[in-house]
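Participant: Residue numbers (our numbering), protein chains in the order written: chain A, 54 to 407; chain B, 54 to 407.
What the hints contain is simulated information worked out from the structure, not anything from laboratory work. Some hints here could point you the wrong way.
Pairs involving identical chains hold if they fit within one copy or between any two copies, as the list cannot separate such chains.
Calculated lysine to aspartate or glutamate pairs in the DMTMM-like style (CA-CA distance at most 20 Å, straight line) [said to hold, decoys possible]:
(1) Lys388 / Asp399
(2) Lys227 / Asp242
(3) Lys267 / Glu208
(4) Lys184 / Glu211
(5) Lys336 / Asp137
(6) Lys185 / Glu146
(7) Lys262 / Glu208
(8) Lys103 / Asp137
(9) Lys184 / Glu162
(10) Lys262 / Asp306
(11) Lys185 / Asp77
(12) Lys165 / Asp135
(13) Lys267 / Asp368
(14) Lys315 / Asp62
(15) Lys165 / Glu145
(16) Lys130 / Glu376
2 protein chains.
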Amino acid sequence: MDAKTSILDIQTVAKTRINEVDFDNLQFGKQYADHMMYCDFIDGEWQQPKIVPYGPMTFQPSAKVFHYGQAVFEGMKAFKDDDDQVWLFRPEENFKRINLSSQRMAIPEFPKDYFFESLNTLLELDKDWVKKGKGNSLYIRPFAIATEAGVSASEANEYRFMIITCPAQAYYNKPVKVVFAQEYSRAADGGVGFAKAAGNYGAQFYPTKLAKEKGLDQIIWTDASSHEYLEEAGTMNIFFRIGNQLLTAPTNDRILDGVTRKSIIQLAKDEGVEVIVDRVSVKQIVEAAKSGELKEIFGAGTAATVVRVEGFEHDGVYHDLPEVEQPYATHFKNKLQDIQYNRADDAHQWRYKV
Amino acid sequence: MDAKTSILDIQTVAKTRINEVDFDNLQFGKQYADHMMYCDFIDGEWQQPKIVPYGPMTFQPSAKVFHYGQAVFEGMKAFKDDDDQVWLFRPEENFKRINLSSQRMAIPEFPKDYFFESLNTLLELDKDWVKKGKGNSLYIRPFAIATEAGVSASEANEYRFMIITCPAQAYYNKPVKVVFAQEYSRAADGGVGFAKAAGNYGAQFYPTKLAKEKGLDQIIWTDASSHEYLEEAGTMNIFFRIGNQLLTAPTNDRILDGVTRKSIIQLAKDEGVEVIVDRVSVKQIVEAAKSGELKEIFGAGTAATVVRVEGFEHDGVYHDLPEVEQPYATHFKNKLQDIQYNRADDAHQWRYKV
Ligand SMILES: Cc1ncc(COP(=O)(O)O)c(C=O)c1O
Ligand SMILES: Cc1ncc(COP(=O)(O)O)c(C=O)c1O
């Protein structure tokens with residue numbers, strides 16, 4: 054390791070597991086790269102980050118994360134270009150966001166140099182796990198959990214910050230069928246919806262299961278008080294195209310401020326597409342679907358980049374969306390990926406060289 | 054072990070740790086009794102529950118509980134009477150509630166016989182950890198967590214259900230100062246507030262920390278949309294006494310249906326106290342405080358039984374509550390404890406003999 058990694062304590066694997074992995078048949082989130090990082094917060098301080106072989110860890114059954122969901126996470130991707138150079142996409146945004154999430158969950162903020170040194174070192178050690186080719190990536194999961202033993206319901210004094218990574222395959226993104234939420238909701242005003250707090254996700258599994266039983270793939274969450282405004286999906290922000298305008302909800306304390314969302318807004322503006330960041334009402338979308346003005350709905354997030362919505366259910370009625378020519382969804386997905394894989398100009402300095 | 058415990062796999066400790074524990078200086082949730090129960094859900098089934106010595110356990114860093122807060126819990130207490138008999142209080146309610154919580158969090162329900170056999174066996178093995186004397190108890194923490202390895206955001210296929218127990222001391226319940234929530238909130242309509250879902254608790258730590266920095270102990274949560282109605286505290290339901298009437302909010306999908314709450318409602322009715330279960334507005338309480346009609350506010354929950362509120366802050370104004378003679382808080386706390394410790398008639402069959 055070179056000098057820049059000296060703030061870490063590094064223990065590498067004796068033998069890589071990479072040959073055990075079938076990169077053509079990856080199941081997302083099931084295979085992990087050789088190394089991981091962990092760093093403990095003890096006695097009021099983040100201790101030295103350690104890079105170790107990926108593997109199980111020991112916890113007390115009374116660790117607060119098990120009882121009180123005091124946990125936050127991030128999702129990022131590393132991409133490899135044709136010259137074998139590895140890149141991250143706007144990692145600064147993820148760094149800022151995990152600390153914002155941590156603050157809301159009363160978890161101590163993680164130091165910036167620890168975060169970036171760990172990322173650089175992990176991606177250096179496990180660079181062979183980042184596969185070339187558009188769509189292929191190494192998914193990166195930083196997370197922080199309350200490890201203090203003790204079932205009293207108050208913030209912990211001890212935490213563990215970790216980074217694990219898993220190879221993700223280029224796969225054909227099947228368009229999804231969604232339902233606009235009318236009964237369940239994802240987040241409260243004054244709650245933790247804007248944070249990548251663990252509990253936000255577990256809380257969506259049951260309503261999503263019910264939607265799946267009706268043949269729908271995902272829920273578009275609406276505001277909890279009236280269900281009149283469309284907010285975001287479980288792990289994606291949502292865009293609507295009416296005519297040639299692009300609409301998306303403004304972020305607030307219920308909605309995650311997605312990196313993909315803000316990048317698409319920027320790319321669209323760069324091209325002169327009119328982007329309206331304002332409340333999007335269910336009524337407006339249903340009417341635009343009926344009149345034919347609604348051209349597209351798509352989701353935007355790190356995991357899937359851009360996913361086309363092929364139709365939505367509301368009030369028990371399913372509305373098909375047309376298949377337009379030159380969809381924005383495909384266009385902006387390509388634009389984004391060209392930047393991510395170092396195949397296009399990077400006007401906004403979004404790429405980060407590892 | 055006798056025949057009734059035959060559905061469990063039991064491994065007892067070689068030597069008890071009970072002599073290492075200073076029962077006069079317990080810090081809540083820091084010391085655990087000798088044994089614990091765990092039971093894994095694998096291949097679509099809850100496997101045989103195991104009783105083992107209390108101790109750390111191994112998990113994958115990608116276990117879903119760490120990332121998505123798919124976790125629920127319960128809180129119960131075991132009490133010892135003067136004849137060394139151990140009792141539980143309405144355990145059936147906790148059993149039903151954890152399965153209700155599990156359902157909302159897409160966790161498979163736990164079998165009733167496993168739950169009760171485990172409780173009986175643990176309390177038999179660790180009966181010396183249940184200390185006599187009003188206020189002393191063994192706190193019981195059943196919980197279920199998603200253990201499946203994998204960071205894809207969907208419900209797990211593998212879970213662990215556990216029961217751990219810790220001795221809790223009779224302590225003088227200091228009255229608390231509270232603040233009525235006006236900015237943050239605990240639960241959304243259509244959310245998981247009614248469930249003992251892990252994430253509900255972690256989400257309260259930060260606002261509570263802010264309240265503590267202002268010299269207040271706890272937050273009384275209000276409805277997230279208007280902050281006009283008083284709902285519950287972080288781990289207690291809330292009662293208001295105006296004149297001689299007892300008021301408490303009805304339960305709904307934002308509010309936990311507390312066992313202590315419903316027991317107090319019943320005891321109050323038994324005595325002819327008028328109980329009004331209806332929305333309690335902030336306005337009404339502030340006015341009653343000003344006019345002097347507001348006699349008491351108290352919290353009700355398993356951990357603290359009943360806690361008197363000595364004053365509340367709202368709109369930046371702190372309102373002191375009077376110290377009334379013969380407070381309902383003390384009266385109902387005593388009534389409840391007399392039943393719990395087998396010192397009074399048990400008209401409603403709330404005691405459960407271990
Ligand atoms: C709730 C939610 N909304 C939106 C997103 C998309 O955010 P990003 O584009 O930063 O991945 C995510 C995923 O990270 C998410 O969890
Ligand atoms: C949010 C919340 N409200 C109320 C209560 C009180 O419920 P119980 O009386 O069943 O302990 C608890 C504690 O369990 C709780 O966590």
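Participant: Against each hint, give a clear statement of whether it holds in the structure.
Facilitator: Each hint tested on the structure:
For the identical chains of this complex, Lys388 and Asp399 are intra-copy neighbours only, at 10 Å inside a copy versus 71 Å across copies, given an alpha-carbon limit of 20 Å. Taking the shortest Cα distances, Lys227 and Asp242 never come within 20 Å of each other, neither inside one copy (33 Å) nor across copies (32 Å). Within a single copy, Lys267 and Glu208 get their C-alpha atoms only as close as 39 Å, which misses the 20 Å cut-off; across copies the closest is 17 Å, which meets it. In this assembly of identical chains, Lys184 and Glu211 lie within 20 Å of each other by CA distance neither inside one copy nor across copies; the values are 36 Å within and 30 Å between.
Taking the shortest Cα distances, Lys336 and Asp137 never come within 20 Å of each other, neither inside one copy (48 Å) nor across copies (65 Å). Taking the shortest alpha-carbon separations for Lys185 and Glu146, neither the intra-copy value of 24 Å nor the inter-copy value of 55 Å comes in at or below 20 Å. Taking the shortest Cα distances, Lys262 and Glu208 sit within 20 Å of each other only across copies (9 Å), while inside one copy they are farther apart (31 Å). For the homomeric pair Lys103 and Asp137, neither the shortest alpha-carbon distance inside one copy (26 Å) nor that between copies (50 Å) is at most 20 Å.
When the C-alpha separation of Lys184 and Glu162 is checked against a cutoff of 20 Å, the pair qualifies neither within a copy, at 32 Å, nor between copies, at 41 Å. Taking the shortest alpha-carbon separations for Lys262 and Asp306, only the inter-copy value of 19 Å comes in at or below 20 Å, while the best intra-copy value is 25 Å. In this assembly of identical chains, Lys185 and Asp77 lie within 20 Å of each other by CA distance solely inside one copy; the values are 12 Å within and 63 Å between copies. For a Cα distance limit of 20 Å, the shortest separation of Lys165 from Asp135 qualifies neither inside one copy, at 29 Å, nor across copies, at 58 Å.
For the homomeric pair Lys267 and Asp368, the shortest alpha-carbon distance inside one copy (13 Å) is at most 20 Å, but the shortest distance between copies (46 Å) is not. Proximity of Lys315 and Asp62 under a CA criterion of 20 Å is satisfied in neither setting, with 36 Å inside one chain copy and 54 Å between copies. Taking the shortest Cα distances, Lys165 and Glu145 sit within 20 Å of each other inside one copy (9 Å), while across copies they are farther apart (49 Å). Taking CA atoms no more than 20 Å apart as the test, Lys130 paired with Glu376 passes in neither setting, with 29 Å inside one copy and 60 Å between copies.
When each numbered hint is compared with the structure, violations occur for hints 2, 4, 5, 6, 8, 9, 12, 14 and 16.
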